[in-house]
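**Student:** Those protein sequences? They're chains A and B, same order as listed. For the first sequence, my numbering gives the first residue as 1, with consecutive numbering after it. For the second sequence, my numbering gives the first residue as 1, with consecutive numbering after it.
Not one of these hints is a red herring.
Which chain A residues face chain B? A few, computed with CB under 8 Å, are given here: (1) L100; (2) Y188; (3) D207; (4) L235; (5) E237; (6) V238; (7) T240; (8) F290; (9) F291; (10) E293; (11) I294; (12) E348; (13) F353.
From the derived model, a few chain B residues whose C-beta atoms are all more than 10 Å from chain A: (14) H54; (15) A82; (16) A213; (17) E214; (18) L215; (19) M219.
No wet-lab data here; the hints were simulated from the structure. Using N, Cα and C, we set each Cβ at its ideal position, and we do this for glycine too.
Chain by chain, the residues run as shown.
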Amino acid sequence: MPCVTWLGRDRGAAPGPLDEAPCSEGELGVPGLAQCTADIISTVEFNHTGELLATGDKGGRVVIFQREPESKNAPHSQGEYDVYSTFQSHEPEFDYLKSLEIEEKINKIKWLPQQNAAHSLLSTNDKTIKLWKITERDKRPEGYNLKDEEGKLKDLSTVTSLQVPVLKPMDLMVEVSPRRIFANGHTYHINSISVNSDCETYMSADDLRINLWHLAVTDRSFNIVDIKPANMEDLTEVITASEFHPHHCNLFVYSSSKGSLRLCDMRAAALCDRHSKLFEEPEDPSSRSFFSEIISSVSDVKFSHSGRYMLTRDYLTVKVWDLNMEARPIETYQVHDYLRSKLCSLYENDCIFDKFECAWNGSDSVIMTGAYNNFFRMFDRNSKRDVTLEASRESSKPRAVLKPRRVCVGGKRRRDDVSVDSLDFTKKILHTAWHPAENIIAIAATNNLYIFQDKVNSDMH
Amino acid sequence: MMLSKGLKRKREEEEKEALEVDAWWLDPGLPAVTQAPPTLASSSLFDLSVLKLHHSLRQSEPDLRHLVLVVNTLRRIQASMAPAVTLPPVPSPPIVPNVADNLLASSDATLSASMASLLEDLSHIEGLSQAPQPLADEGPPGRPVGGTSPNLGALDLLGPATGCLLDDGLEGLFEDIDTSMYDSELWVPASEGLKPAPEDGPGKEGAPELDEAELDYLMDMLVGTQALERPPGPGR
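Okay, chain B solo, but in the shape it has when bound (with noise of 0.2 Å):
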């Protein structure tokens, strides 16, 4: 097929505009990734992994290697953007951190629904006590988030989708985040119940119990309310 030249370049140079504006960092010419400039690139690539990683957990049986390659996809975006402590406010809040956190909000009755039996069968069927993991309390961006956040072990590292300003800076995106939703309970079959591994001792860590403070501001968030106070939390 003929196309003249004169589109051709024109559709080229359009595509190169609109290139530029959202994946400039592939650019071969910038240096690796992690030296660039990283707000823009990072946050954006956090924001899709977090879909992903919520998209890979909702499967009923989600594909491991999937998961764990995202997750610590994440990780190293995560490292990234850690230390970047003299970070420009982003101008406008990316389109993705909403959808993420309205996946979220949606997802979390079924989410912690299907945990909390998943739990329930484990404990049943092992005969420890696990007390059910606590939802997870994400609410919109720049929402202060209490709640203790049990052992986050490795996937603590996950935050709620970002984007917005906050008062205490980046860290602050990820303090109160209560993270155990992502903890691997969910994505262990419940069969694993059923066999007397070896490597499941009685050293399982018992997720910590909600306090009622933690149970009322959940319910607030999940039924609308606007609380911008950010409740005292256990110490942190």
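Next comes chain A alone, as it looks inside the complex (with noise of 0.2 Å):
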């Protein structure tokens, strides 16, 4: 961390025409208007090799941003991240045996693994997954022997001879198009998908249930996890977040709003409600209040890159957990202490209800996580530094040093300190996500999409 200065690289999630500067930022929609809430990122994402940044919104829409190849004749310039692909993923629908609308707003986009020229990603709204395949055309066909260049039929009688169409390249066009479509699993509110290492399955949690599918097969699923009671009446936990471990394709987590995660087996049983592993930690009765589950429940899980440790987010506390250790986690780190006092009021204005997601950098030494206020904190496993930065106009100015930021809580202020009192509620920081093998993080803060580099393209540690 220490050798790590951050850049601001921002890149506003614009599907409209973007600016010629090289680090422009720009929202979605027309500029200078109200911020549209379809434009709220809603989910971020990188590939498997971070070549692709994926952000879903509130409308329904995917964007999907592709870095740039490093310019030989500036090296010291890393690839910038432009917009490789727009498309509409969800669209709004109506449940008439509920007389519901499902929201199109994307919850969750997980890359697959490229197994060949075609990328492929799967997003998910509240009740249906849906399998993208992004392709590119460079190239296309040109001189049919029936059709003139601009497709008309000509005049057979024009036609004296036989030709075979050549391959001429063309301007880059990328093409979506939906392969598969999986519905009709949920019957309550997906939170969570994710893709088993095996690269055949992926798995969809809602609230009470886990479901399995094959990536090949949209007309099943298998059920493999179950918390719904017998009585609803007796309901009170929920599920809310879930991932296959990155190396065993039979072990799975997930987490629950009573702030417990359990490890599951799929080679156990079928049905996987009885965990292997629980983790918990006891609560702490000199904190005990009224909300103390809220504060407890999680909003995320991720495994490291190791597999060897998770993390898990709550309303203040980030904690990585050794999958060898039920008893309580090995490291905690508090994202928002200062809030600690504040219960009452985030309670009775729902903030106390807000789903932070965490990421691991890609040598699992430092973690990431939002915060309020446009904040978002970093923490280095090994030399237990913490850093506040925000994500913001003046401070993603290209090339700029991201200043690291401080919120003071009574006493002594220094200048640039932020007061508690002064904190901003609705900007909050829900969704991050950091390259799997650089420097490089994403931050999504509400429909605006930040691109931070480190200033020295470091080595991983």
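Reassemble the complex: the two chains are provided individually, in unrelated frames, and hints are given to aid placement.
**Tutor:** Written as structure tokens, this is what we have:
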């Protein structure tokens, strides 16, 4: 961490015309208009190489950015991310049986490992998961016998000889097509999807159930976890997130609203209601309050790249768990402990229910999560140092170095400190992603996407 | 932006005072909330939670996580309030309970209508005979409410907004409240009935039926007749 300085490289997620300047920033829609809620970014995900970055928004759109290859002329400037493709993944639907509208908001995007020239990703809203295939076309056939260049049929009398159409280069066209639609698998709202390391199956989790799908089969799925009680009156806990282990195709974890993690082994039984391991930290009696359970609810769980650890995010902390120790996390980091005395107000305005995500860096040495006021936090597990940074216009001018921020809770206040009482709780960074190998991070701040990169393209620790 | 120190200090002090009135329990210097005198704090939180629960239940498709967390929080608040028999009478009823009750009164009709239709759908599809749930007969606070409470289940802790004097103390607040409207039949999606889910066995409990006395009482309540006398309720 000490050797990494973060630079602004923000890239507004704009499908419209982009500025020519390399590090411009823009908003979806027409600049100057009030923020459009459909443009609120709801998920961010790098693919396995980090070459592509996908964002999903509340309006059901997916925007994919591609990293430009590094220019040989300017070896110090790393590749920029430019818009590669934009498509409408989900549309609003109406469930006639329940008279309910199904939101088109993209809850999660997960990339499939690339197996050929095409890229594939899964995107999901509350009810339906879709598999999209993204292909490039940079050649087109020319010299048809029956059609002319515009595609009009030729007058046959003018055709005197046969020719073989030739492939000629053309401007790159990115084509996206829905290959599979996995529908009707979920009664409740899907909160997670995760691709298995076997690259053939994936799971989807809603509030009460987790289903296992085969990527090639859309008309059925296997239910592997079901925590719906016989009487809904007895419902006290819901599933909040789930993920497959990165290497062991039989293992997955799911988190609950009560702050527990359950590691399940699919080899043990077809229905994994009984966990193999239960990770739970006992409640600290000295900090017990009415809101203890709410703030312990896990909003995100991520395996480390190594597969040895899990990272969880609850309302006030991020925790690192060792798969070999169920009793408590091995590390706990305070994200914004100054909010602990404000829980009542945060309960009142529902902010206490906000679901923040968390992320590992490529070497599992640094963890990152978002907070309020467009702040996000990074914790270096080795040095135990942490930093607060801000995703804002000012801090993201091209090549601007991000300045560490500080929140003061009273007492001595430095010049650029932000007081707790002046935090903007509408500016929340819920979705963040870290490049799988390099120090490049993508931060979603409402409807703006910021991409930050370290100053020196340092090797991984 | 430069603020004169004096101005800033004054505002902070005012804010502090305001906070002190409403949210003194947030003072980190105080012991854990449950140990502090819970009357004012708990009842406000309780009211707030009931409001949230209502709001959540009125969604066409409630956010289950939000709902479960609010219900569990209500339980905690309830647990801290219940044993405190020596609660001093609340001097002035907070605004919130009245709002909550108005919400209840106005939403009763729509809630019961949607509840009834949901249950009808369910029973029709599953072939179970379920009587329509009794209407939530919560009147304005302080009014004794009659009617059997059916199988309350885990959600029987929810009563009407508190904050008014009752002759029989805190217990009376929750005793006779029919909380069936909070039963989760409301938030089971209708399509649940379509799935031959193995857990939905015939063991599903039926709801007790309204008897005529309760119906009459409910009608009185709805029409607005003042019924101060607690009707003889079936075994409590």
